[in-house]
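J.: Turn these sequences into a full structure, and let the hints guide you.
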Amino acid sequence: MTHLVPAAPQSPGASLVLVERQAVPIPHFGLTLSEERFHEFAERLRTVGVRFDVEPYRRCAGEPAEQWTMFFHDPAGKAQEFKSFRDESMVFAR
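My numbering numbers the first residue of the sequence shown as 104 and each following residue consecutively.
Rather than coming from a laboratory, the hints here were simulated on the basis of the structure.
FRET-style restraints, in silico, Cβ to Cβ:
1) A164 - L134: 17 to 27 Å
2) G152 - D190: 31 to 41 Å
3) G152 - S192: 30 to 40 Å
4) V194 - V157: 15 to 25 Å
5) G165 - H142: 14 to 24 Å
6) K181 - V122: 13 to 23 Å
Note that beta-carbon positions come from the ideal geometry of N, C-alpha and C, so glycine has one too.
T.: This is the structure:
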């Protein structure tokens, strides 16, 4: 999925866009996991002390696009998003 922003940021993940009252870094790389793997990965990240830009949380609860999501920067400073959809067919739903 690609997010369109008016101007490219100076460095990866340097700009923030509000998504459901959460400031998320733009641009970012995104990956979808199963819910079980999502929670396992989130716990591993916590264990090694990763600082989240957006702590793992459930978005759109009870809606068709319900999902778990989290954002953080990798060691190279690039913004990452990992998520898990209740219904994977809703990945590109708006």
